[in-house]
Amino acid sequence: MIKSLEELKKIREQYKDTLQNREAEEKNIKILVGMATCGIAAGARNTINAIIEEVRKENIDNAVVVQTGCMGFCYAEPTVEVRMPNSEPILYGKVDSERAREIVKRHVKNGEVIREWVLRG
Amino acid sequence: MPVRMELLVCGGTGCQASNSNRVLEVLREEIKNSNLENEVSVLMTGCFGFCEKGPIVKVMPDNVFYVEVDEDSARKIVAEHVVKGRVYQEKLYVEPDTNEKLPEQSKIPFYKKQIRIALRNCGKIDPENINEYIAADGYMALGKVLTEMTPEGVIDIVKRSGLRGRGGGGFPTGVKWEATRKSKSDIKYVICNADEGDPGAFMDRSILEGDPHSVLEGMAIAAYAIGAQFGYIYVRAEYPLAIHRLRIAISQARELGLLGKNIFGTDFCFDVEIKIGAGAFICGEETALINSIEGGRGEPTVKPPYPAQVGLWKKPTNINNVETFANVAPIILNGAEWFASIGTEKSKGTKVFALAGKVNNVGLVEVPMGITLREIIYELGGGIKGGKKFKAVQTGGPSGGCIPAEYLDTPIDYDNLTALGSMMGSGGMIVMDEDDCMVNIAKFYLEFSCDESCGRCTACRVGNKRLLEILNKITEGKGEMEDLEMLKELAETVKDSSLCGLGQTSPNPVLSTMKFFYDEYLAHVRDKECPAGVCKELLKYYIIPEKCVGCTACAKVCPVNVIHGEPKKVHVIDRDGCIKCGQCYKTCRFGAITRK
Numbered sequence: 001m002i003k004s005l006e007e008l009k010k011i012r013e014q015y016k017d018t019l020q021n022r023e024a025e026e027k028n029i030k031i032l033v034g035m036a037t038c039g040i041a042a043g044a045r046n047t048i049n050a051i052i053e054e055v056r057k058e059n060i061d062n063a064v065v066v067q068t069g070c071m072g073f074c075y076a077e078p079t080v081e082v083r084m085p086n087s088e089p090i091l092y093g094k095v096d097s098e099r100a101r102e103i104v105k106r107h108v109k110n111g112e113v114i115r116e117w118v119l120r121g
Numbered sequence: 001m002p003v004r005m006e007l008l009v010c011g012g013t014g015c016q017a018s019n020s021n022r023v024l025e026v027l028r029e030e031i032k033n034s035n036l037e038n039e040v041s042v043l044m045t046g047c048f049g050f051c052e053k054g055p056i057v058k059v060m061p062d063n064v065f066y067v068e069v070d071e072d073s074a075r076k077i078v079a080e081h082v083v084k085g086r087v088y089q090e091k092l093y094v095e096p097d098t099n100e101k102l103p104e105q106s107k108i109p110f111y112k113k114q115i116r117i118a119l120r121n122c123g124k125i126d127p128e129n130i131n132e133y134i135a136a137d138g139y140m141a142l143g144k145v146l147t148e149m150t151p152e153g154v155i156d157i158v159k160r161s162g163l164r165g166r167g168g169g170g171f172p173t174g175v176k177w178e179a180t181r182k183s184k185s186d187i188k189y190v191i192c193n194a195d196e197g198d199p200g201a202f203m204d205r206s207i208l209e210g211d212p213h214s215v216l217e218g219m220a221i222a223a224y225a226i227g228a229q230f231g232y233i234y235v236r237a238e239y240p241l242a243i244h245r246l247r248i249a250i251s252q253a254r255e256l257g258l259l260g261k262n263i264f265g266t267d268f269c270f271d272v273e274i275k276i277g278a279g280a281f282i283c284g285e286e287t288a289l290i291n292s293i294e295g296g297r298g299e300p301t302v303k304p305p306y307p308a309q310v311g312l313w314k315k316p317t318n319i320n321n322v323e324t325f326a327n328v329a330p331i332i333l334n335g336a337e338w339f340a341s342i343g344t345e346k347s348k349g350t351k352v353f354a355l356a357g358k359v360n361n362v363g364l365v366e367v368p369m370g371i372t373l374r375e376i377i378y379e380l381g382g383g384i385k386g387g388k389k390f391k392a393v394q395t396g397g398p399s400g401g402c403i404p405a406e407y408l409d410t411p412i413d414y415d416n417l418t419a420l421g422s423m424m425g426s427g428g429m430i431v432m433d434e435d436d437c438m439v440n441i442a443k444f445y446l447e448f449s450c451d452e453s454c455g456r457c458t459a460c461r462v463g464n465k466r467l468l469e470i471l472n473k474i475t476e477g478k479g480e481m482e483d484l485e486m487l488k489e490l491a492e493t494v495k496d497s498s499l500c501g502l503g504q505t506s507p508n509p510v511l512s513t514m515k516f517f518y519d520e521y522l523a524h525v526r527d528k529e530c531p532a533g534v535c536k537e538l539l540k541y542y543i544i545p546e547k548c549v550g551c552t553a554c555a556k557v558c559p560v561n562v563i564h565g566e567p568k569k570v571h572v573i574d575r576d577g578c579i580k581c582g583q584c585y586k587t588c589r590f591g592a593i594t595r596k
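Here the protein sequences line up with chains X and V, keeping their order. Counting in UniProt numbering, the first sequence runs from 1 upward without gaps. Counting in UniProt numbering, the second sequence runs from 1 upward without gaps.
Hints are not guaranteed to be accurate.
If you anchor each label on the Cβ, the simulated ranges turn out as follows [unchecked claim]:
1) V:34 <-> X:58: 47 to 55 Å
2) X:58 <-> V:38: 15 to 23 Å
3) V:295 <-> X:4: 33 to 41 Å
4) X:59 <-> V:182: 46 to 54 Å
5) X:4 <-> V:455: 49 to 57 Å
6) V:587 <-> X:27: 57 to 65 Å
Here are some of the chain X residues that sit facing chain V, going by a computed Cβ distance under 7 Å [as the list claims (entries may be wrong)]:
7) 2
8) 28
9) 68
10) 118
Everything labelled a hint here was simulated from the structure, so no lab data went into it. Here a beta-carbon is modelled for each residue, glycine too, at the ideal position from N, C-alpha and C.
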């Protein structure tokens with residue numbers, strides 16, 4: 001039973017994440033994970049799930065995480081591209097779930113490009 | 001593990017009719033087979049509005065909009081898009097002018113000019129899950145109203161927003177609320193009018209199916225503003241899905257204490273009950289609706305007294321339409337100024353229209369007031385089917401009128417449509433092309449009004465009947481010039497002397513077609529011709545001798561054997577026996593048969 005506006009807001013917070021995917025059009029940061037056969041074989045599913053978990057954990061609500069097809073860097077899969085507003089896209093290679101979490105924390109949250117993992121950009 | 005991808009399947013009546021339930025099952029099965037059920041979810045939402053291209057499946061956050069999805073393409077969408085991250089090109093919307101594939105919903109012309117307020121959650125949330133409504137700021141407006149505002153403050157915001165009734169008349173909502181507030185009584189009622197009955201209109205149904213909580217929240221806010229404790233939703237039995245979802249919504253809201261006693265810990269108590277109507281059009285009229293809820297015949301009574309003074313069970317009652325209620329919460333949250341910044345001087349906000357008839361994109365659109373008919377028909381609607389010529393657009397259902405091509409650039413609002421002899425009505429919009437006979441259209445709507453007249457007042461019961469007889473005479477080729485004068489005079493009499501809104505507006509289709517398409521009436525009466533070739537009794541089929549090659553196809557297909565001629569020689573139709581079935585016309589491959 002909701003007995004105050006505060007309690008309603010708590011429920012709203014609790015379920016806020018359920019609409020995150022569906023509000024993608026209003027978000028300005030895009031994180032793409034290469035999920036073609038080679039990407040999946042190299043563990044891209046763990047990568048994308050780690051990114052999503054980290055994005056939610058860090059309360060970044062203006063970022064959308066999507067999967068994409070092959071980007072042609074099969075030797076460096078899984079690949080992750082980060083598109084921040086007003087800057088060139090950055091493509092990272094060999095992103096396992098650990099690297100993925102670092103990228104979310106350092107690049108997406110704090111704007112720091114992690115040079116040593118960059119493939120292009 | 002958080003869900004990283006969602007497939008939203010349209011669960012409106014339209015898409016369900018084209019098998020979206022099965023599409024949803026297939027998507028779920030395939031996702032399970034790919035071991036992705038923890039990462040990817042499939043859910044059913046309310047209506048996306050693009051019924052022409054249903055069933056719709058939208059993939060988020062990728063923001064890809066698939067149209068006309070069947071079982072087979074549902075499997076491919078999972079195999080290609082969900083598993084491999086490749087957009088499945090075959091089921092994207094194709095822009096007919098450029099042949100370009102448009103994956104993004106917001107880029108599709110049908111959606112470009114839409115502003116969604118009443119339909120804000122339709123196609124976005126699961127209508128059977130109150131938590132999703134709450135996540136989308138649901139019930140925040142009710143909470144704000146109950147804990148921070150006075151009833152007068154609520155009425156003030158609604159008045160300043162300029163919101164007008166979306167069910168037909170366009171009466172200012174805030175003024176209606178104020179009148180009900182001022183009536184002194186311990187018991188008052190709020191009624192939601194969901195007796196949507198215009199042919200082709202389904203705005204209210206889509207809101208109830210796609211976002212039922214928005215209506216409950218609007219009703220609760222209205223109840224607080226006027227001092228009511230109880231509400232009814234009067235919905236027709238033809239809307240089983242809407243009723244089903246409303247029932248779920250009401251029980252979920254009761255469970256969370258958003259309906260019931262001491263809502264948000266305040267003194268305010270409010271609950272609602274669904275009343276299922278038997279589907280009489282007249283019950284959309286508010287006094288008839290009240291009679292129907294009370295168990296009486298659905299007949300209107302004389303106003304005044306208005307329901308705001310003497311309504312349900314003789315208590316002050318506020319009645320608003322579904323779409324009106326759906327607009328209330330956003331106004332409270334975003335402010336009167338925000339709402340008033342959309343629309344025209346006297347018509348604020350948006351209006352949902354059900355676009356139907358001879359237009360490429362049939363469906364539901366929510367557009368700002370002040371948009372032109374041309375924009376709706378040619379941009380959102382994608383123009384006339386088969387490249388034919390536009391003739392008229394009918395707005396306002398049986399109470400409205402037909403607007404011809406020269407007024408296509410009129411900005412749509414309550415007052416402009418009324419000035420053109422039509423009306424906003426609940427938002428039906430039926431497009432007609434060169435093949436539609438305007439006399440016949442007037443007859444169609446009048447037949448509807450005759451069927452739906454409750455028979456209480458003579459003007460409507462007898463007057464409409466006589467009007468219909470004259471129209472029948474005209475379409476059968478028996479009309480005389482005096483009939484046209486009689487038609488106009490009688491139409492005006494019915495309009496002036498009927499008891500309720502039904503009879504006061506039922507002659508509008510006749511009057512507006514007589515005003516704008518008088519030449520078609522003249523052709524029927526004077527020349528005994530139907531220019532559009534619709535009125536069967538007036539049609540005459542001819543064989544053009546120069547074009548006839550004597551293939552005998554028409555003679556073979558004629559069911560009454562009145563086409564004569566030898567093979568390879570010109571044929572003739574014996575018109576005395578002709579039943580005007582049109583079979584020969586359809587069969588001839590040489591364009592040698594014509595009709596006038």
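Hints versus structure:
1. V:34 <-> X:58: 47 to 55 Å: At 29 Å between Cβs, range violated.
2. X:58 <-> V:38: 15 to 23 Å: holds (21 Å)
3. V:295 <-> X:4: 33 to 41 Å: With Cβ atoms ~39 Å apart, the hint holds.
4. X:59 <-> V:182: 46 to 54 Å: Given range 46 to 54 Å: holds, Cβ gap about 48 Å.
5. X:4 <-> V:455: 49 to 57 Å: The hinted range 49 to 57 Å holds for residue 4 of chain X and residue 455 of chain V, with Cβ atoms some 53 Å apart.
6. V:587 <-> X:27: 57 to 65 Å: Since the Cβ atoms of residue 587 of chain V and residue 27 of chain X sit about 59 Å apart, the hinted range of 57 to 65 Å holds.
7. 2: At about 5 Å, which falls below the 7 Å cut-off, the nearest Cβ of chain V leaves the hint on residue 2 of chain X intact, so it holds.
8. 28: violated (13 Å)
9. 68: holds (5 Å)
10. 118: At 21 Å from the nearest chain V Cβ, residue 118 of chain X fails the 7 Å test, so the hint is violated.
Violation of the numbered hints given earlier is confined to hints 1, 8, 10; the remaining hints are satisfied by the structure.
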